[in-house]
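**Student:** Residues per chain are reported as follows:
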Amino acid sequence: MRNKFMALVTVCILLLACASGAFAQTLTIGLKGEPTSLDPHFHNVTANNEQAIYVFDKLIRQDSRQKLMPGLAVSWTPVSDNVWEFKLRKDVTFHDGSPFTAEDVKFTIERIPTVPNSPSSFTGMVNAIKKIEIVDPLTIRFHTDGPAPLLPRNLATFNIISKKYGEGATTADFNSGKAAIGTGPYMLVEWKRGDSIIYKRNDTYWGEKQPWETIIAKPITNDGTRVAALKSGDVDLINFVPPADVAHLSKDAKLTLAKSPSTRLIYLHLDSDRDDTPMVTDNDGNKIKNPLKDVRVRKAISKAINRKAIAARIMDGLAVPAAQMLPDGYEGTSTTLKPEAYDPKGAKALLAEAGYPDGFKITIHGPNDRYVNDGDITQAIAQMLTKVGIKTEVNTMPKSVYFGKASKLEFSLMLVGWATDTGEHSNCLSALLHTYDKDKGFGSSNRGRYSNPKVDQLLEEALVTVEPKKHNELLVEAVELGLGDVGIVPIHYQVNVWAMKKDLNYKGRTDGYTLPRAISVAD
Amino acid sequence: MLAFLIRRISQSAVVLLVMSLLVFVGVFYIGNPIDILIAPDASPAEYARAVHDLGLDKPLWEQYGIFLKGALHGDFGNSFVYNEPALKVILDRLPATLELAFAAMLIAVIFGIPLGMVAGMKANHWIGRNIMRFSILGFSLPTFWVGLMLIIIFSVHLNWLPSGGRGETVMLLGIPVSFLTLGGLAHLILPATNLALFKTSLAIRLTRAGVQENMQMDYVKFARAKGLPETRVIGLHVMKNIMIPVVTVLGMEFGSLIAFAVVTETIFAWPGMGKLVIDSIGVLDRPIIVAYLLITVTMFIIINLIVDILYSILDPRVRLGQER
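Protein chains in written order, with UniProt numbering: chain W, 1 to 523; chain D, 1 to 324.
Hints are computed from structural coordinates only; laboratory data are not their basis. Just so you know, even glycine gets a beta-carbon here, dropped at the ideal spot from N, CA and C. Please note that the accuracy of each hint is not assured.
If you only want the chain D side, here are some residues facing chain W, beta carbon under 8 angstroms, derived [claimed, not checked]:
#	residue
1	50
2	52
3	74
4	75
5	78
6	95
7	151
8	153
9	159
10	202
11	268
12	281
One side only, chain W facing chain D, incomplete, derived with CB under 10 angstroms [stated by the list, open to error]:
#	residue
13	42
14	121
15	192
16	204
17	205
18	214
19	218
20	225
21	443
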């Protein structure tokens, strides 16, 4: 029995070895997340959007630093304040050979708000469009209610599907591959839920030549397992390398790493609106008026945080101290804002000036399974605040419990993250710093309820200013004002790490996507 | 027998109802899934639309009513994240989990029972003592640690076996299975071994205790006195008697193998139900969580029933109908 068993094992191993040699053109990647669906409009989350670009294309692409680039559209120009004209790419075909035209674009945009049961849709990206006018098969005009400077940015977030296959198609039809007929670089072969998604190269792709014949994307959620899969050679490349493994992987001669800063900002939101905040008391435990309403207290908190120490020790160097909501160089970022320097003395002085020479008591809340090392960062911040006299207790919880409570405003000081997928500042300004306004759709994630009419006004003006330079200036002014006010306390941007076999080359992207079209064989 | 079955089934229905209520209310109070599912920059209007579409704006009792009505017709609602019937999503993953559990059970029986018999008969010999030492390790080492060790040794260092995933599958009676292909089998070995470790130790201990107890019994002495060969005494007479507790306990443990293979499935990226439910808890996908727990309870009820019936076959003194 034993001998037969061992013989069988040996045979298996030999076969596996042969199999891997025979498919040198195959790229196997280990991904942290699995898409919930292959319907590109069903669920707006990174894992889904990333897989959708394998099969489909967007009108406008984002490069690795999220600058806009031509995709299925070759140009986009405002013909008037309320009309954008898009010229479409010639000679593009879907995987079945049928041509791509303006009809497909119109169909896609009209489908987006109608996807049933979508837990998070792209409706917000298209609701500025009031009318779609097809000028000719390769020219399309979008009429908007008012000026819509962000329309190109918004149209760079979702993928274009085929009208022929999309009509009447359900989310399940995309998952089975029946409707997953795109213009993209790869064709879907099969999705084995929980195990792998297999793609085949589209040899008639309009864009750059694809280096891989077959792509196998394997979801491996467990960090340790993903690293082991790479080390054992089962996969060629993995994303989201856990910071603790970076040091030993970089010593492995058979592997190479790629690091890229991301747009994922880790920040503190502080309850700066209510007089009575739930998690603050004086040092004896009595209720006091909310000290976080005072900008000096908020500034003191920002000064008390040693961002460099967090980046170096807790994040193992995989974080960049942050001064605003997007890293330098993005649209609408200020060039004058610098990360707040660690200054415990200054923090104490500000607290005394604000009338809290002995500090007060506060509880800081944070998730413990959402961002890289989120629980540890929360702990560290609590210790730093306690050091300057704000006696801080820590309460961390799973994300499934945390976000519901945070949205119900049950916290006073909380650690949160934000990734600006659109790659420009109005997105995070609208959601985090604009006054909460349910009807107009502003401040959806403003859990500190920061409010400054001047910031609101600048942002709203930028949102109707189509001229790019003016638009940017308004955004920069709003950002400088809101962060000067410490509407949020930025901590750092996460750095994403990919690890791969030595003979591969991938630079990484700020949006964290792993795109096979950019993975090449190193010379 | 029939009366026994009817009583058992009606009791089970009550258990399921209570269970569904507890789970439903529990999941409801953890939080609102929309806060996790929706893109954070979604406008409040979009938020409200998603809440409405998923039926989360209704009061708890109404949501439970809708669920109960559907469940009676075998419909546990659509998964929030997959937008497919929860039952289908789970049943799609069931074959992978069953395969893993069967493989683990097979390993536990094939290795555990013979080793336990040796340990029982040679309790004071070095072989017996070493087997017992192994079983203590099997009990006390945490599953996730052993799993990672297996991967480090057999995948990373020796490069003999794949580190995770299910490998190639073929259809057997319409169900995808991996044990019929060599690649699939290679993928199965490590996770099954990992999962089997605890059960093997259990089988060793149960068998050993049974052997030691039975060897003192009169019927063994009598059988030996009659001049029966030792292999027949142990292989037939003793074996038959010790199998009763072993079958009972392993039967119960089989249920827990299926239901709680979660750790092993996560570590080995095995696409089974355990991994699914962990992912679903992470995003509060209520229909999946509730359906999964109800399926698990149903499974335990059925396994219990089978164990009771097997018990009565192995030991004719047990009469099912007279159970009080």
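**Student:** Taking the hints in turn, state whether each one holds.
**Tutor:** Structure-based check of each hint:
1. Checking residue 50 of chain D against chain W: minimum C-beta separation of about 6 angstroms stays under 8 angstroms; hint holds.
2. Proximity of residue 52 of chain D to chain W is violated relative to the hint, the smallest CB-CB distance being about 10 angstroms (cut-off 8 angstroms).
3. For residue 74 of chain D, the interface hint is violated, the least distance from its beta-carbon to any beta-carbon of chain W being 18 angstroms, above 8 angstroms.
4. Annotation: interface hint on residue 75 of chain D violated; nearest CB of chain W at approximately 14 angstroms, more than 8 angstroms.
5. The closest approach between the C-beta of residue 78 of chain D and any C-beta of chain W is roughly 6 angstroms, which is under the 8 angstroms cut-off, so the hint is satisfied.
6. At about 11 angstroms, the closest approach between the beta carbon of residue 95 of chain D and any beta carbon in chain W exceeds 8 angstroms, and the interface hint on this residue is violated.
7. Evaluation of the residue 151 of chain D hint against chain W yields a held restraint, the C-beta minimum of about 5 angstroms falling below 8 angstroms.
8. A distance limit of 8 angstroms between C-beta atoms decides the matter here; for residue 153 of chain D the minimum to chain W is near 10 angstroms, and the interface restraint is violated.
9. Residue-level restraint check for residue 159 of chain D holds (minimum Cβ-Cβ distance to chain W is 6 angstroms; threshold 8 angstroms).
10. Interface hint at residue 202 of chain D: violated, since its Cβ lies 21 angstroms from the closest Cβ of chain W, which is beyond the 8 angstroms cut-off.
11. For residue 268 of chain D, the suggested interface contact is upheld, since its CB lies about 7 angstroms from the closest CB of chain W, less than 8 angstroms.
12. Residue-level restraint check for residue 281 of chain D holds (minimum Cβ-Cβ distance to chain W is 7 angstroms; threshold 8 angstroms).
13. Interface hint at residue 42 of chain W: satisfied, since its Cβ lies 6 angstroms from the closest Cβ of chain D, which is below the 10 angstroms cut-off.
14. Taking 10 angstroms as the C-beta cut-off, the interface hint given for residue 121 of chain W holds, the closest approach to chain D being about 7 angstroms.
15. The criterion of a C-beta within 10 angstroms of any C-beta in chain D is met by residue 192 of chain W, whose closest approach is roughly 7 angstroms, and the hint holds.
16. This hint is violated: residue 204 of chain W has a C-beta 29 angstroms from the nearest C-beta of chain D, more than the 10 angstroms allowed.
17. Below 10 angstroms, beta-carbon pairs count as interface contacts, and residue 205 of chain W has none with chain D, the closest being about 28 angstroms; its hint is therefore violated.
18. Taking 10 angstroms as the C-beta cut-off, the interface hint given for residue 214 of chain W is violated, the closest approach to chain D being about 14 angstroms.
19. For residue 218 of chain W, the interface hint holds, since its Cβ comes within 10 angstroms of a Cβ in chain D; the closest pair sits about 6 angstroms apart.
20. Because the beta carbon of residue 225 of chain W sits about 5 angstroms from the nearest beta carbon in chain D, less than 10 angstroms, this interface hint is met.
21. Annotation: interface hint on residue 443 of chain W holds; nearest CB of chain D at approximately 9 angstroms, less than 10 angstroms.
Of the numbered hints given earlier, the model fails hints 2, 3, 4, 6, 8, 10, 16, 17 and 18; all others are met.
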